[in-house]
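S.K.: Line order of the protein sequences matches chains A and B. To convert, count from 1 in the first sequence and add 7; that's the working numbering. To convert, count from 1 in the second sequence and add 7; that's the working numbering.
Incorrect hints may have been included.
[To be verified] Residues on chain A that point at chain B, a partial pick, calculated with CB under 10 Å:
(1) L39
(2) S60
(3) H77
(4) V80
(5) A88
(6) A94
(7) E96
(8) A98
(9) A113
(10) L117
(11) A119
If you are wondering where the hints come from, they were derived from the structure by calculation, not from laboratory data. Fair warning: this is a prediction, and the values are worked out from it, not measured in the lab. Even glycine gets a Cβ: it sits at the ideal position worked out from N, Cα and C.
There are 2 protein chains.
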Amino acid sequence: MALLDAGRSMGRAFSVRELHAAAQQSEPKLGLTTAYRTVERWREEGWAEEAGSRGGEAVYVLCAAQGHHHHVVCVDCGATALLEGCALEPARDSARSAGFDLLDSALAALPARCASCADGDGGGR
Amino acid sequence: MALLDAGRSMGRAFSVRELHAAAQQSEPKLGLTTAYRTVERWREEGWAEEAGSRGGEAVYVLCAAQGHHHHVVCVDCGATALLEGCALEPARDSARSAGFDLLDSALAALPARCASCADGDGGGR
DNA sequence: GCAAAGAATGAAAATGACTTTCATATTTTG
DNA sequence: CAAAATATGAAAGTCATTTTCATTCTTTGC
Numbered sequence: 008m009a010l011l012d013a014g015r016s017m018g019r020a021f022s023v024r025e026l027h028a029a030a031q032q033s034e035p036k037l038g039l040t041t042a043y044r045t046v047e048r049w050r051e052e053g054w055a056e057e058a059g060s061r062g063g064e065a066v067y068v069l070c071a072a073q074g075h076h077h078h079v080v081c082v083d084c085g086a087t088a089l090l091e092g093c094a095l096e097p098a099r100d101s102a103r104s105a106g107f108d109l110l111d112s113a114l115a116a117l118p119a120r121c122a123s124c125a126d127g128d129g130g131g132r
Numbered sequence: 008m009a010l011l012d013a014g015r016s017m018g019r020a021f022s023v024r025e026l027h028a029a030a031q032q033s034e035p036k037l038g039l040t041t042a043y044r045t046v047e048r049w050r051e052e053g054w055a056e057e058a059g060s061r062g063g064e065a066v067y068v069l070c071a072a073q074g075h076h077h078h079v080v081c082v083d084c085g086a087t088a089l090l091e092g093c094a095l096e097p098a099r100d101s102a103r104s105a106g107f108d109l110l111d112s113a114l115a116a117l118p119a120r121c122a123s124c125a126d127g128d129g130g131g132r
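Please work from the sequences and hints to get the whole structure.
M.R.: Dropping the structure here:
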């Protein structure tokens with residue numbers, strides 16, 4: 008599917024509209040509605056995670072790994088990295104002792120800033 | 008200000024619309040626009056943090072503490088708790104070694120589920 | 001093959017949160 | 001008290017996301 012190729016080839020977090028634009032280069036008549044529906048399905052099936060929003064649009068990341076893992080996502084340019092190990096365990100313990108269960112699903116993409124965006128490079132995007 | 012009273016008295020995360028509805032009980036002609044403007048200002052000034060969204064609406068928490076701290080927020084009922092210590096330091100270190108800086112501002116409210124919502128109580132709200 | 005049933009698609013319309021605009025009221029300041 | 005600055009609300013506008021609905025691909029059984 009053109010959308011999947013497009014998603015993989017951008018290598019960073021993307022909004023549905025960006026994904027749609029990229030996919031249209033190989034599949035010109037692909038509709039925006041389908042892009043929304045497809046990303047939603049990816050999310051339900053665990054292939055993608057919502058990673059906050061940029062400029063009013065929700066952005067998503069394709070999951071590199073299955074199972075328990077966390078990404079870090081640059082809020083400026085969308086660059087991502089996979090975190091090693093379970094860096095959130097201490098937070099989870101702390102939450103548990105307050106009577107809460109951290110939601111891994113919602114924490115799969117941690118907002119951050121990558122080095123080049125921090126430098127004011129403007130990064131990519 | 009009626010909005011501040013309303014915010015404090017709900018004791019959980021709230022959307023702008025909920026805050027507006029609550030505040031209107033004591034100030035019937037208060038407009039929704041003002042509620043949006045006020046919450047935005049709270050956020051700029053550090054009195055409130057955005058805590059994700061529920062049902063398409065952004066939700067906010069009033070900050071109990073100033074400075075470095077993290078809340079945990081139930082995505083179902085909006086209940087909140089303040090986490091002790093710097094439970095996110097390990098995650099920050101892990102991110103740093105990948106070349107990213109975690110954004111505290113965006114992580115001030117960690118999505119979770121409180122005990123009563125996990126039990127299927129439906130919690131509050 | 002081939003027709004009926006089901007799923008996927010896209011264009012256009014609808015929804016709804018949030019923002020802007022603009023004219024009015026309220027506060028500040030001298 | 002008048003002039004300037006600021007806050008307010010109603011209505012209109014914006015824009016991402018969803019729905020609707022008619023059409024087009026896929027199945028599946030025969």
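S.K.: Now, for every hint given, state plainly whether the structure supports it.
M.R.: Tested hints:
1. Given the 10 Å rule on beta carbons, the hint for L39/A is violated: about 18 Å separates it from the nearest Cβ of chain B.
2. With a cut of 10 Å, the hint placing S60/A at the interface with chain B holds, because the nearest CB-to-CB distance is about 9 Å.
3. Hint status for H77/A: holds, given a least beta-carbon distance of 7 Å to chain B, under 10 Å.
4. Checking V80/A against chain B: minimum C-beta separation of about 8 Å stays under 10 Å; hint holds.
5. Taking 10 Å as the C-beta contact cut-off toward chain B, the hint placing A88/A at the interface holds, the least distance being around 4 Å.
6. Checking A94/A against chain B by beta carbon gives a least distance of about 4 Å; that is within 10 Å, so the hint holds.
7. Interface restraint check: E96/A against chain B, minimum CB-CB distance 7 Å, threshold 10 Å, status holds.
8. Against a cut-off of 10 Å between C-beta atoms, the interface hint on A98/A holds, since the closest Cβ of chain B lies about 4 Å away.
9. For the restraint placing A113/A at the interface with chain B, the shortest Cβ-Cβ distance is roughly 4 Å, inside the 10 Å limit, so the hint holds.
10. For L117/A, the interface hint holds, the least distance from its beta-carbon to any beta-carbon of chain B being 6 Å, beneath 10 Å.
11. Interface restraint check: A119/A against chain B, minimum CB-CB distance 4 Å, threshold 10 Å, status holds.
The earlier numbered hint that this structure contradicts is number 1, and it is the only one.
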